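Listed below are the residues making up each chain.
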Amino acid sequence: MARTLNLRIWRGDANDGGLKDVKVEVNEGEVVLDVIHRVQATQMGDLAVRWNCKAGKCGSCSMEINGKPRLACMTQVASFDESETITVTPLRAFPVIKDLVTDVSFNYKKAMEIPAYEPPKDLAPGEARMQQVDVERSQEFRKCIECFLCQDTCHVIRDHEENKKSFAGPRFFIRIAELDMHPLDMLKNRKRTAQEEHGIGMCNITKCCTEVCPEHIKITDNAIIPMKERVVDIKYDPARMFAGLLKREKRS
Amino acid sequence: MTANDSTLQREKYDVLIIGAGGAGLRAAVEAREAGLSVAIICKSLFGKAHTVMAEGGAAASMGNVNDKDNWMVHFRDTMRGGKFLNHFRMAELHAKEAPDRIWELEMWGALFDRTKAGKISQRNFGGHEYPRLAHVGDRTGLEIIRTMQQKIVQLQQKDGREFGDMESKIKVFAECTITEILKENGRISGAYGYWRESGEEVLFEAPAVVIATGGVGKTFKITSNSWEGTGDGHALALKAGANLVDMEFLQFHPTGMVWPPSVRGILVTESVRGEGGILTNSLGERFMFKYIPDVFKDKYADNEEEADRWYLDQDNNRRPPELLPRDEVARAINSEVKAGRGTEHGGVFLDVSKRIPAEVIKKRLPSMWHQFYELAGVDITKEAMEVGPTCHYVMGGVEVEPDTAAAVGVPGLYAAGEVAGGMHGSNRLGGNSLTDLLVFGRRAGAGAVSYVKSAGANPVSAASIKSAADRIEAPFSRAGGENSYSLHAELQEVTHNLIGIIRTRTEIEEAIVKIADIRNRSKNVAVSGGRLFNPGFHLAFDLDNMLLVAESTAKSALLREESRGGHTRDDFPGMNNKWRQVNNIASFDGSQVNIKAQPLPVLPKELFDLFDIHELEKYMTPEEIAKGGSN
Numbered sequence: 001m002a003r004t005l006n007l008r009i010w011r012g013d014a015n016d017g018g019l020k021d022v023k024v025e026v027n028e029g030e031v032v033l034d035v036i037h038r039v040q041a042t043q044m045g046d047l048a049v050r051w052n053c054k055a056g057k058c059g060s061c062s063m064e065i066n067g068k069p070r071l072a073c074m075t076q077v078a079s080f081d082e083s084e085t086i087t088v089t090p091l092r093a094f095p096v097i098k099d100l101v102t103d104v105s106f107n108y109k110k111a112m113e114i115p116a117y118e119p120p121k122d123l124a125p126g127e128a129r130m131q132q133v134d135v136e137r138s139q140e141f142r143k144c145i146e147c148f149l150c151q152d153t154c155h156v157i158r159d160h161e162e163n164k165k166s167f168a169g170p171r172f173f174i175r176i177a178e179l180d181m182h183p184l185d186m187l188k189n190r191k192r193t194a195q196e197e198h199g200i201g202m203c204n205i206t207k208c209c210t211e212v213c214p215e216h217i218k219i220t221d222n223a224i225i226p227m228k229e230r231v232v233d234i235k236y237d238p239a240r241m242f243a244g245l246l247k248r249e250k251r252s
Numbered sequence: 001m002t003a004n005d006s007t008l009q010r011e012k013y014d015v016l017i018i019g020a021g022g023a024g025l026r027a028a029v030e031a032r033e034a035g036l037s038v039a040i041i042c043k044s045l046f047g048k049a050h051t052v053m054a055e056g057g058a059a060a061s062m063g064n065v066n067d068k069d070n071w072m073v074h075f076r077d078t079m080r081g082g083k084f085l086n087h088f089r090m091a092e093l094h095a096k097e098a099p100d101r102i103w104e105l106e107m108w109g110a111l112f113d114r115t116k117a118g119k120i121s122q123r124n125f126g127g128h129e130y131p132r133l134a135h136v137g138d139r140t141g142l143e144i145i146r147t148m149q150q151k152i153v154q155l156q157q158k159d160g161r162e163f164g165d166m167e168s169k170i171k172v173f174a175e176c177t178i179t180e181i182l183k184e185n186g187r188i189s190g191a192y193g194y195w196r197e198s199g200e201e202v203l204f205e206a207p208a209v210v211i212a213t214g215g216v217g218k219t220f221k222i223t224s225n226s227w228e229g230t231g232d233g234h235a236l237a238l239k240a241g242a243n244l245v246d247m248e249f250l251q252f253h254p255t256g257m258v259w260p261p262s263v264r265g266i267l268v269t270e271s272v273r274g275e276g277g278i279l280t281n282s283l284g285e286r287f288m289f290k291y292i293p294d295v296f297k298d299k300y301a302d303n304e305e306e307a308d309r310w311y312l313d314q315d316n317n318r319r320p321p322e323l324l325p326r327d328e329v330a331r332a333i334n335s336e337v338k339a340g341r342g343t344e345h346g347g348v349f350l351d352v353s354k355r356i357p358a359e360v361i362k363k364r365l366p367s368m369w370h371q372f373y374e375l376a377g378v379d380i381t382k383e384a385m386e387v388g389p390t391c392h393y394v395m396g397g398v399e400v401e402p403d404t405a406a407a408v409g410v411p412g413l414y415a416a417g418e419v420a421g422g423m424h425g426s427n428r429l430g431g432n433s434l435t436d437l438l439v440f441g442r443r444a445g446a447g448a449v450s451y452v453k454s455a456g457a458n459p460v461s462a463a464s465i466k467s468a469a470d471r472i473e474a475p476f477s478r479a480g481g482e483n484s485y486s487l488h489a490e491l492q493e494v495t496h497n498l499i500g501i502i503r504t505r506t507e508i509e510e511a512i513v514k515i516a517d518i519r520n521r522s523k524n525v526a527v528s529g530g531r532l533f534n535p536g537f538h539l540a541f542d543l544d545n546m547l548l549v550a551e552s553t554a555k556s557a558l559l560r561e562e563s564r565g566g567h568t569r570d571d572f573p574g575m576n577n578k579w580r581q582v583n584n585i586a587s588f589d590g591s592q593v594n595i596k597a598q599p600l601p602v603l604p605k606e607l608f609d610l611f612d613i614h615e616l617e618k619y620m621t622p623e624e625i626a627k628g629g630s631n
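Going line by line, the protein sequences match chains A and B. Take 1 as the starting number for the first sequence in this note's numbering and just add one per residue. Take 1 as the starting number for the second sequence in this note's numbering and just add one per residue.
None of these hints come from the bench; they were simulated from the model. There could be a bad hint or two in this list.
Straight line, CA to CA, 30 Å or less: simulated DSBU-like cross-link-like pairs of lysine-lysine [unchecked claim]:
hint, chain 1, residue 1, chain 2, residue 2
1, B, LYS338, B, LYS618
2, B, LYS605, A, LYS188
3, A, LYS228, B, LYS618
4, B, LYS338, A, LYS207
5, B, LYS362, B, LYS119
6, B, LYS290, A, LYS218
7, A, LYS218, A, LYS164
8, B, LYS338, A, LYS188
9, A, LYS207, A, LYS68
10, A, LYS121, B, LYS171
11, B, LYS116, A, LYS165
12, B, LYS290, A, LYS121
13, A, LYS164, B, LYS158
14, B, LYS158, B, LYS290
15, A, LYS68, A, LYS121
A quick note: this is a predicted structure, and the numbers were derived from the prediction, not measured.
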């Protein structure tokens, strides 16, 4: 069943690099990560690639395969035409370290900027009561394996380094939504800060993030759109605007 | 940068934690909340640790689904599952503290699945008498790791508000490999390693080190473990003068994927059986009824009718034999395949499609459905899965003091989670690992805190730095030496073929010789390319660790002339109650691993009395029974 595959791999570092063609054996049922490992073990001992579980559960082997953000461990070689050359390149939204490995520290910085979960003050351990239906909304977002493919594909930052400062990205919009929908979270104003500090307003709901999510989380429909709607409710609600005006008048 | 450079990166902390899985992160939280500064070393990116792979759940006797459950029942199940080779004190602490550790996660934001009454739901699992596993679908490990990752961020945000720098007191160092634990004057002083990204070196100075590096699966060919499971902590501890206890006990999880070859070994969660999945051979026979050992006959159904009734009425029926402890199920599958009743690809069938409606399967086992559909082209709501044993977990590990998780013989060194030994005896029950991480991660953190407060700093000497740095530089200076990838593949063949699921004297002896030969050749590993993110270079160091693990396993396996839990000797097929009285203790003399037998701590009277005497008679000698516990 073995055949030879034409694989094109981006090799290089922060300074320089380019595509290298290799021929590599491929067997039935193999995924792209398998052939990359074979190249590593037999032809390029120092080929850099991140991976951990090889089962689609850890989100480490994110890369672009024929230009599309994907997990290499979940991409079957057989899903491409036999005559097709498969091209693997590093994630484009993040700076290259070496070969297929990029510097994804942007995401960890953003994670630290999202205010943490705040439990009710007088709730003792073991006393929480929540209904399954109420936890399920947040559970969908907690399926996220932090592969950062949604961040990579998001056009707000993909080719716009300048937006990174003020834009947390889809991964962290679902984190905010998850906390906002958490039945016990006590922190107020998560929707407002999503707009004012994390840049949810810059998203124009093209759903690219939802398309690449390997966990099939409905990022746009279930997290971003409801958050945007609620932000609108709060910020542009005529009654609240009027109340705000009165408050301001009182102060002056 | 090398040791001789004044540019060597030096980091100074009160507590250094090696490993950012469940145990490491729980230890970090404990140490930081006690006011100390903490460094967390992650071999991969933060949040990718092997804990994310845990699927089924975390065992804790909260009694939310069946209120008859309590710590004593959990303790008994754990001891039975480990065939009474467990360190009783670890099993006791674990059973008592597990519920608090789960509720604590909930206080940190975890969202477990719920019961109708709104409490944390609990599911059935092999070897657990009552539904006991807190779970989130089949991605419980991910929930636990993410909750603790976010708890760490919460602590960092608090420090940010107080000290103006979020990373001033607790910092995660990602993609860093530790190559050596350093000691001065017989006590821990820190650790040395390199950044995987840049290849440059780093020194961590800390009077206490917590090892929480997980398992050793990559030593074997077919494994459910990720690349990180290379036994780093086991080897680091051995080299630092600690002991490893009972390294012959490896858990082969009964259900790994077997087809296609590229996914061989990937875990199929035990929840599939907990939810009603049955095992059949190529003749369509539900074979597990033939493999119920005497010690479990009163707890497991010997006919299909009763086994099926159990799912509806657990009080009046015995459990289906598919839910026997993992070692029993793995051996049964192995025997069926060997007898020629296996599937086309050398496994057996595991089927949920005929018993559970498709939409329920997708809801309760979402990642299994996904995994089989995308990797094997199998729709588990319609077809059976093909499964077979896969190396999953090492029961053996660093010998520790149960209450503090302190490594025996090395002041300042602590170990928790899979890398620590004793808790699970000869076989771990599913679900006990996640709570083991939490219970002993917390205890290791607390142990390190009290040690640091009394012992104070212990500076690293220039000589220690130089020898650690020289070792890292060596593979680059060799030309035309051995290839680390080939040596790793060779080691995996040896372990798989000679010290795998079924063992025998001649094969173990052959393994010992072959492992020594590979170890000898590994001293001549050469690395191509530079230091920048170079996996060939990384593997050279991981390989060294796996070789020490394999040597410890092979030598312990040779000595133990009986079959128990995760150690099966073809030439000594039964359990031998004399062997239950000893642990095999591995130590390292600088050139090789040596094993000595050490008496097991005796069960104290109050724990002894929790068991039916007739059950204990199956495991203990008449003299032990007569004594009736230590007091």
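Are the Cα positions of A/LYS207 and A/LYS68 separated by 30 Å at most?
-> 15 Å, holds
Going straight from one Cα to the other, do B/LYS338 and A/LYS188 come out at no more than 30 Å?
-> 62 Å, violated
Decide if the proposed pair is consistent with the structure: B/LYS338 and B/LYS618, CA atoms, cutoff 30 Å inclusive.
-> 29 Å, holds
Starting from A/LYS68, check that the Cα of A/LYS121 is at most 30 Å away, please.
-> 46 Å, violated
Regarding the pair B/LYS290 and A/LYS121, is the alpha-carbon distance no greater than 30 Å?
-> With Cα atoms ~54 Å apart, B/LYS290 and A/LYS121 exceed 30 Å; violated.
Is B/LYS605 close enough to A/LYS188, meaning Cα to Cα at most 30 Å?
-> 54 Å, violated
Taking 30 Å as the top limit, are the C-alpha atoms of B/LYS116 and A/LYS165 close enough?
-> 44 Å, violated
Hey, A/LYS218 versus A/LYS164, does the alpha-carbon distance stay inside 30 Å?
-> 23 Å, holds
Would the pair A/LYS228 and B/LYS618 pass a check requiring their Cα atoms to be no farther apart than 30 Å?
-> 65 Å, violated
Would you mind confirming whether the straight-line C-alpha gap from B/LYS362 to B/LYS119 stays at or under 30 Å?
-> 22 Å, holds
30 Å Cα cutoff - pair A/LYS121, B/LYS171 | 27 Å, holds
Between B/LYS338 and A/LYS207, does the CA-CA distance stay at or below 30 Å?
-> Roughly 51 Å between the alpha carbons, so the hint for B/LYS338 and A/LYS207 is violated.
The structure fails hints 2, 3, 4, 6, 8, 11, 12, 14, 15 (numbered hints given earlier, in ascending order).
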